[in-house]
Amino acid sequence: MTMKSLSTSIVTGLVLSFGSMTTQADVKEGLRLMKADQFDAAMEEFLPAAAAGNATAEELIGVMYAMGLGVEKDDRRAFEWYLRSAMKGHPGAQSGVGWYYEVGRGIEAPELVRAYMWYVLSAIGGDPDAAMSQEEVVKKMTPEQIEQAKILVEDYKPLLYPFR
4 MTMKSLSTSI VTGLVLSFGS MTTQADVKEG LRLMKADQFD AAMEEFLPAA
54 AAGNATAEEL IGVMYAMGLG VEKDDRRAFE WYLRSAMKGH PGAQSGVGWY
104 YEVGRGIEAP ELVRAYMWYV LSAIGGDPDA AMSQEEVVKK MTPEQIEQAK
154 ILVEDYKPLL YPFR
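Residue numbers (the numbering used here): 4 to 167.
Rather than coming from a laboratory, the hints here were simulated on the basis of the structure. Quick caveat, the model's predicted, so the values are computed rather than measured. A portion of the hints provided could be inaccurate.
As the list claims (entries may be wrong) - Dumping the calculated EDC-like pairs for lysine to aspartate or glutamate here, alpha-carbon to alpha-carbon at most 20 Å: (1) Lys143 - Glu111; (2) Lys153 - Glu139; (3) Lys91 - Glu75; (4) Lys31 - Asp78; (5) Lys76 - Asp132.
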């Protein structure tokens with residue numbers, strides 16, 4: 004590695020780290036604003052962080068749409084934001100996606116196989132309530148659906164949790 008490429012790598016790393024710190028600060032400020040019931044201002048903090056790929060900001064935007072906090076309640080948009088975050092490995096968002104699939108909100112109809120998959124992935128990610136949600140959804144599923152869901156878990160797990 005030449006000195007020039009080493010310098011370029013260091014600068015790139017610093018820029019990416021600063022960008023990450025900035026989005027984390029945006030999310031922290033957005034949370035503070037949410038707690039103060041300043042939802043419009045919170046959304047202004049979350050949107051740039053979400054655009055930069057921050058999974059927590061995406062999940063919180065999903066919460067705002069799910070609950071109608073500063074925005075018109077919209078299950079489809081909530082689901083979309085939760086899904087963006089879930090695909091980045093955010094356990095809370097994964098449980099949210101599981102719930103939307105379980106009850107069929109924000110989507111065409113319930114999809115229990117996908118609900119199971121997201122609950123299991125959320126549990127792997129550390130969501131303490133996900134295992135209980137998975138146990139509840141299993142009660143609604145056929146043995147064939149459970150087998151399909153297990154296959155999906157094995158397909159998605161390496162993508163979302165490559166080191167687990």
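Would the hint linking Lys31 and Asp78 be met if the CA-CA limit is 20 Å? violated (25 Å)
Does the structure keep Lys91 and Glu75 at a Cα separation of 20 Å or less? At roughly 26 Å apart (the allowed maximum being 20 Å), Glu75 and Lys91 break the hint.
Does the structure keep Lys153 and Glu139 at a Cα separation of 20 Å or less? holds (16 Å)
Given the hinted pair Lys143 and Glu111, is their alpha-carbon gap at most 20 Å? holds (18 Å)
Assess, step by step, whether the Cα of Lys76 is no farther than 20 Å from the Cα of Asp132, and give holds or violated. violated (24 Å)
Hint violations for this structure: numbers 3, 4, 5, all remaining hints satisfied.
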